[in-house]
Amino acid sequence: MSAGGALGASLPVGGRRMADAVRRWPVSMQVAAGVLAVLVVVALLANVIAPLDDAAVDLDRVLEGPSAAHPMGTDEVGRDLLVRVLHGVRISLGIAALAALGAVAVGALVGVLAGTLGGRADAVVMRVTDVFASQNHLLFGILLLVLFRPALGGAGAVMLAIALTHWPTLARIVRGELMSLRERPFVAAAVGGGASRRRLARRHYVPHLLPAVGLAFVLTVAHAIFHESAYSFLGLGLPAHQASLGNILNDGQRSLLAGGWWIALFPGLAILAAAMTIGTIAEHWREHLHPRWRSELEL
Amino acid sequence: MLKLIARRLALLPLILLAVAAITFALTEISPFDPVDAYVGAESGVTPERKAEIAHARGFDQPLHERFGRWVANVAQGDLGTSVVAGGQPVAGEIAARMSASIALVGGALVLVLVGGLVFGVLAAALRGTFFDWLVRTLCYFNTAAPSFWVGLLALYVFSIELGWLPAGGTSDPRAVESGGIDLSHLILPMVVLAMTQYAWFTLFVRNTLLEVLREDHVQFARAQGIGEVAVLLRYALPNALIPFVTLVGTHLSELIGGTILVEAIFGWPGLGGLTLDAALGEDIPLLLGITLCASVLVVLGNLLADVLYRVMDPRVREAAT
Numbered sequence: 001m002s003a004g005g006a007l008g009a010s011l012p013v014g015g016r017r018m019a020d021a022v023r024r025w026p027v028s029m030q031v032a033a034g035v036l037a038v039l040v041v042v043a044l045l046a047n048v049i050a051p052l053d054d055a056a057v058d059l060d061r062v063l064e065g066p067s068a069a070h071p072m073g074t075d076e077v078g079r080d081l082l083v084r085v086l087h088g089v090r091i092s093l094g095i096a097a098l099a100a101l102g103a104v105a106v107g108a109l110v111g112v113l114a115g116t117l118g119g120r121a122d123a124v125v126m127r128v129t130d131v132f133a134s135q136n137h138l139l140f141g142i143l144l145l146v147l148f149r150p151a152l153g154g155a156g157a158v159m160l161a162i163a164l165t166h167w168p169t170l171a172r173i174v175r176g177e178l179m180s181l182r183e184r185p186f187v188a189a190a191v192g193g194g195a196s197r198r199r200l201a202r203r204h205y206v207p208h209l210l211p212a213v214g215l216a217f218v219l220t221v222a223h224a225i226f227h228e229s230a231y232s233f234l235g236l237g238l239p240a241h242q243a244s245l246g247n248i249l250n251d252g253q254r255s256l257l258a259g260g261w262w263i264a265l266f267p268g269l270a271i272l273a274a275a276m277t278i279g280t281i282a283e284h285w286r287e288h289l290h291p292r293w294r295s296e297l298e299l
Numbered sequence: 001m002l003k004l005i006a007r008r009l010a011l012l013p014l015i016l017l018a019v020a021a022i023t024f025a026l027t028e029i030s031p032f033d034p035v036d037a038y039v040g041a042e043s044g045v046t047p048e049r050k051a052e053i054a055h056a057r058g059f060d061q062p063l064h065e066r067f068g069r070w071v072a073n074v075a076q077g078d079l080g081t082s083v084v085a086g087g088q089p090v091a092g093e094i095a096a097r098m099s100a101s102i103a104l105v106g107g108a109l110v111l112v113l114v115g116g117l118v119f120g121v122l123a124a125a126l127r128g129t130f131f132d133w134l135v136r137t138l139c140y141f142n143t144a145a146p147s148f149w150v151g152l153l154a155l156y157v158f159s160i161e162l163g164w165l166p167a168g169g170t171s172d173p174r175a176v177e178s179g180g181i182d183l184s185h186l187i188l189p190m191v192v193l194a195m196t197q198y199a200w201f202t203l204f205v206r207n208t209l210l211e212v213l214r215e216d217h218v219q220f221a222r223a224q225g226i227g228e229v230a231v232l233l234r235y236a237l238p239n240a241l242i243p244f245v246t247l248v249g250t251h252l253s254e255l256i257g258g259t260i261l262v263e264a265i266f267g268w269p270g271l272g273g274l275t276l277d278a279a280l281g282e283d284i285p286l287l288l289g290i291t292l293c294a295s296v297l298v299v300l301g302n303l304l305a306d307v308l309y310r311v312m313d314p315r316v317r318e319a320a321t
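Heads up: the protein sequence lines correspond to chains A and B, in order. Using my numbering, you'd call the opening residue of the first sequence number 1 and step up by one each time. Using my numbering, you'd call the opening residue of the second sequence number 1 and step up by one each time.
There may be inaccurate statements among the hints.
Said to hold, decoys possible - With the C-beta cut set under 8 Å, the calculated list includes, among others, these residues of chain A facing chain B:
id, residue
1, 176
2, 178
3, 179
4, 252
5, 264
6, 265
Claimed, not checked - Far from chain A by the CB rule (all over 12 Å, computed), these chain B residues:
id, residue
7, 66
8, 67
9, 76
10, 78
11, 85
12, 109
13, 118
14, 130
15, 152
16, 161
17, 216
18, 234
19, 290
20, 313
The hints are simulated quantities; they were obtained by calculation from the structure and are not laboratory data. Note that the structure is a prediction, hence the values are computed from the model and not measured. Just so it is clear, CB atoms sit at the ideal spot from N, CA and C, and this is done for glycine as well.
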């Protein structure tokens, strides 16, 4: 429950107060936080709940619809789809979180560089950022995947492709916030009072930038889940045998003609659940923090 | 106005050069060996033969010379030769797929605009009712649902289960005149592609319309006794649509990116399908060519948006002169 936890951190500390705060959340937020908590627990404990056995092929039970024994049915070689989707959530959420972390790191670095250097250097950095930003995420990501998959492997290349296509938004947010912070009276007062650069950064810049960066990270995770599954679905992402949500959807496309709709339905529902809960939480978090960020953070 | 267009068009080569430099640099950093891609990983090619291929195709020359030559070639419309198309020119491959893509993206764009306008205006007019709630909820689901998943479900329901629409391709291979474009084959990919952009546009129309409805000139029109429908369509809607124009460029790029997934599902032979073929065949020249073409389209789309913005909003026009 990373997003809920981070939201809680900005509220008064203490278990009971936390519970009170949760009760004050809107119902949609409570539901979203609950569903996301389940997804994250599933992602963390997938190996304990239901160990994945790729060899658990059961050719007597090929392409069976949902039943009590197999709640999500079986795939084209008779493996239980529920187990595969659980592990798909684990793999896809993990890769998406790491990829979003990469995008945030690159974006924050570029934004801080541009914001602190200023002048011509700032202009050059931001024009390069514009060129990256004008590229279509999916198309440019595919180019990166093809170039770097031989060296980094499927998962590494997917993370790189997502990180290198999603950082420009972050860089713009960080740069913009930094520029506006520098003009604020309390920063001028701190400078006038003889505060060192380190103190300025620690007391004023970082605490103001952190919530915006954290929120952008959460929103980027939602995008990253979509991109990971899209790349794997196209056969360009993770190796075909790995049970990522995109790879299961790819199996689902093959099974459609044989009537196996459940293989296409359930992994997509998992992506939908993740995207909707993250979207809802980010929306409330955004309003809780700073209503004026609304337009800037439309990723 | 002409000055603006001329200035922006003059900037186009600069932007393309930047895109070319970035993609070229990435190709250089990557451990990707173009000779291996050309001969294929499995074939037993001797190192001597590899060196010959590298020399013949200029892979062994220094970095700046290759980049300079590549840029010079691109400027003359020569994007190199495609690996997956068996050595055919990249430019020709892209041109051959263009018409199918234009049909798909154009059709989807029309659907987005018409559908978004109709449902956005209705939702704003009926704000707070069940209909408004339904439209907003569907849009919310639509934003979160991956397009390729929606495409798979649509394929299953409408072509496999119900058999109403064909599952893929451009025409029935059994038909007498196969090879042309049969419109019934366009419907499913077009609708699925439109759905990727439909939600934000509908919500955009609804929300800006509700904002404009609060403004003074709308209140004045109401005070004059003009009917609510006329107020909505003639006084509020044109103003609500102005900011939309600036967003067209960005979302045109999204629409083009969306064709990669949609064409993969429905086997539509446009640029999206070509992109996937190039990626699966590790065909770097073709991928670079498509990336450059997409950049040109985005820049032109943004330029068109700026021009339209000035035509539609006199305030911007006067501020600029």
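Evaluation of the provided hints:
A least Cβ separation of about 18 Å between residue 176 of chain A and chain B goes past the 8 Å threshold, and the interface hint is therefore violated. Hint on residue 178 of chain A is violated. Least Cβ distance to chain B is approximately 24 Å, over the 8 Å limit. Taking 8 Å as the C-beta cut-off, the interface hint given for residue 179 of chain A is violated, the closest approach to chain B being about 23 Å. Interface hint at residue 252 of chain A: satisfied, since its Cβ lies 6 Å from the closest Cβ of chain B, which is below the 8 Å cut-off.
With a least beta-carbon distance of about 4 Å to chain B, the hint placing residue 264 of chain A at the interface is held under the 8 Å criterion. For residue 265 of chain A, the shortest C-beta to C-beta distance to chain B is roughly 7 Å, which falls under 8 Å, so the interface hint holds. The beta carbon of residue 66 of chain B sits about 16 Å from the closest Cβ of chain A, which is more than 12 Å, so the claim that it is off the interface holds. Non-interface status of residue 67 of chain B relative to chain A is upheld: no Cβ of that chain comes within 12 Å, the nearest being about 16 Å off.
Non-interface status of residue 76 of chain B relative to chain A is upheld: no Cβ of that chain comes within 12 Å, the nearest being about 23 Å off. With a least CB separation of 20 Å from chain A, residue 78 of chain B remains clear of the 12 Å interface cut-off, as annotated. Listed as a non-interface residue, residue 85 of chain B keeps its Cβ farther than 12 Å from every Cβ of chain A; the least gap is roughly 16 Å. Residue placement check: residue 109 of chain B keeps its beta carbon more than 12 Å from all beta carbons of chain A (closest about 16 Å).
Every CB of chain A is more than 12 Å from the CB of residue 118 of chain B (nearest about 24 Å), matching its label as outside the interface. No Cβ of chain A comes within 12 Å of the Cβ of residue 130 of chain B; the nearest lies about 18 Å off, and the non-interface call holds. Look at residue 152 of chain B: its CB is around 4 Å from the nearest CB on chain A, not clear of 12 Å, so calling it non-interface is violated. At roughly 8 Å, the least C-beta separation between residue 161 of chain B and chain A is not larger than 12 Å, which violates its mark as non-interface.
Every beta carbon of chain A lies more than 12 Å from that of residue 216 of chain B, the smallest distance being close to 23 Å; the non-interface claim holds. Residue placement check: residue 234 of chain B keeps its beta carbon more than 12 Å from all beta carbons of chain A (closest about 28 Å). Residue placement check: residue 290 of chain B does not keep its beta carbon more than 12 Å from all beta carbons of chain A (closest about 7 Å). Residue-level check passed: residue 313 of chain B sits 19 Å from the nearest beta carbon of chain A, beyond 12 Å.
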